[in-house]
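Enquirer: Below are the chains, spelled out letter by letter.
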Amino acid sequence: MTTPPASASEPPLLEVRDLRVHFPITRGAVVRRTVGQVHAVDDLSLKLGTAETVGLVGESGSGKTTLGRAIVGLIPPTSGAILFRGRPLGAKGAAADRTERSQLQMVFQDPTASLDPKWRVGASIAEPLRVNHVGTMAERRQRVRDLLEVVGLSPGHAQRYPHELSGGQRQRVGLARALALNPAVIVADEAVSALDVSIRAQVINLLQRLQNELNLSYLFIAHDLAVVRHLSDRVAVMYLGQIVEQAAAADLYSDPRHPYTVSLLSAVPVPDPTVEARRQRIVLSGDPPNPASPPTGCRFHTRCWLRKQLGNPEQCAAEEPKHQQISAGHTAACHYAHEVPGNVKLSTVGPTAEPAS
Amino acid sequence: MLRVRDLSVRFDSGRNVVVHAVNGVSFDLEAGGALGLVGESGSGKSVTSLAILRLLPPATARIATGEVWLADRDLIQLSDREMRRLRGKEISLVPQDPMSGLNPVLTIGEQVAETIRAHEDMRWREARNRAAELLGTVGIPRPHDQLKRYPHQFSGGMRQRVLIAIALALRPTLLIADEPTTALDVTVQAQVLELLHELTVERGTAILLISHDLGIMARMTQRIMVMYAGHIVEAAPTPEIFARPGHPYTVGLLRSIPRVAGVGRPLTPIAGSPPVPDQVPRGCPFAPRCAWALDVCWQEMPPLAPADGISFSGGPRSGGHLLACHNPVAADEVEGGRPLQPGFRAAPPPEEGLVARETT
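Here the protein sequences come in this chain order: A and B. If you use my numbering, the first sequence closes out at 357, no skipped numbers anywhere. If you use my numbering, the second sequence closes out at 717, no skipped numbers anywhere.
Hints in this document: simulated from the structure, not taken from any laboratory.
Here's a subset of chain A near chain B, in silico, CB distances under 8 angstroms, partners left out: (1) V197; (2) I199; (3) P273; (4) D287.
Rough simulated footprint, nothing fancy, chain A against chain B, three-plus residues with beta-carbon under 8 angstroms: (5) 508-517; (6) 531-545; (7) 548-559; (8) 566-576; (9) 591-600.
Predicted model, so just to flag it, every value in this text is computed and none were measured. Built from N, CA and C at the ideal position, the CB exists for glycine as well.
Please put together the full structure from these sequences, using the hints given.
Expert: Right under this line is the structure:
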């Protein structure tokens, strides 16, 4: 769980560089023409180290899932590069690319939808091995048994069908399948969100154990900020296709600098009535804007409370903010990142940043 | 104001299997109060709320026992017609899924006005004006322009606001909100919770809030009931539940949630999985997962009674700390989430195995 020191000579395990994923909006049934672009991911850069967990948070439509899917190669990027161990991942389907891609695996939100209901669990777990021609049939069968044990199921579960398992067990199967090819990186897209509280804790603990045992790196996509804090070394906050703030988890939660991060943190209900009674909340007005036509300048300026407090400076609507360095490893894309008032942070986020009792 | 007594709901799921969805649930909700019902999926939370509203599917579900008193009427005894007149006007529901709660082929204006007109003698135009006013109250911008739009033209948060507008249209005295924000983003969730809070406080509407999210409960409620396998296993004022939980399941829930404050503190999940509804053991349904289980737990379901030693001082009978447990968690065991008595081991299941409760 500790971040290895990034030496200058060694490239990060995974690097996303200026990635853009745009989806065309088309009209017309016979003659299709493109009438616009949804900017799902726009000029996004991100690094992930060995055995590191980076949490990715943001509202629905912010592009979290698109980014995750682009990284594992399920969606072709419009431009930009995804580098694995310093080498760019090439076109989808190329044979040499396939071994490299197998190092990047994904766990999905809904384990019911991501497992074939007509296949036995063992067949689902063995599928990536079969597709990549790994081992003989007997070896694959043994591997499935081992994998089931690794994720805390019994080898007997290989013979079951998905509907015979509980939600937590199905998510364990999804994990076993993702682990089949010994990946280095797992993109977990809301992997624990659909689970009940008591089961979710089991799967969270399992993710941590697997990371320690197998040296895995996680890109952990979730909307639950407390779960993200619990699992992540670093956290990136996305808004309308861009990362607006990025920092070590402890820094981000105790000293948020982007007004959007502050309002996100203040919106999360804290399971402690004494804290809830003391806390003030910054309630954002309105819904996130349409990603097909993002606002000019800073994309957040239409909902920004800080801009209002500062008397609506023109700069926010006119100029796109660059990432400003706050401290080592902590950047925020806001013109006024240094102006987030300390008392606002304290009254909204403050109590949540207290050390554990 | 709302008094539920010994409410039990059974589902006939064919082949002589009877599911005990809700078992002997009793509680009070004062006028203007905010009561939370917490539990995991399948615990019977939603079934309880549907039973109160008498909206259970008639073909498979039946209310086996119980009384539901709203002011001076037992809702269980009312005719369908009387119940229809009461729903919306005195009790209303904010459902979980804002998409299925609205009719996709009717405009928003029609749906809000329809609710008003079903109960009050009013012309369409007048009802539409009232509808626009209501949409304004729930924070929908330019309400008059929105009346002609359809649900799919609204975002999830906006749809949920429309449903709140419909639920509050006739100023009911009781609002049941079943996971009202589960489908929403956290920033939108904050808006909707704020709105629910303001409107209910302003109008003195009592609210029964159903959720699995303990954070929302901490923010919104005065009192919390914890439900497991159709039983209320613990009920107490909200601060009390968080500070001095007594039931091993409540402790397990609290130990299972990561907190932004307790960084690095490992989670202690509850072992095992929730019971399959048609195979509930004879005794306490939580016994198979419980680290505090005694032999008696496998045989006998303890009644929900005032918690000894940790009872909340003062308050009315309904305001105390109630617990259904043979071996409650001691105050010093809460933090560690396991029994501290030296040499204590949870009682194993009885030799005759898990005997399913006789179906009635």
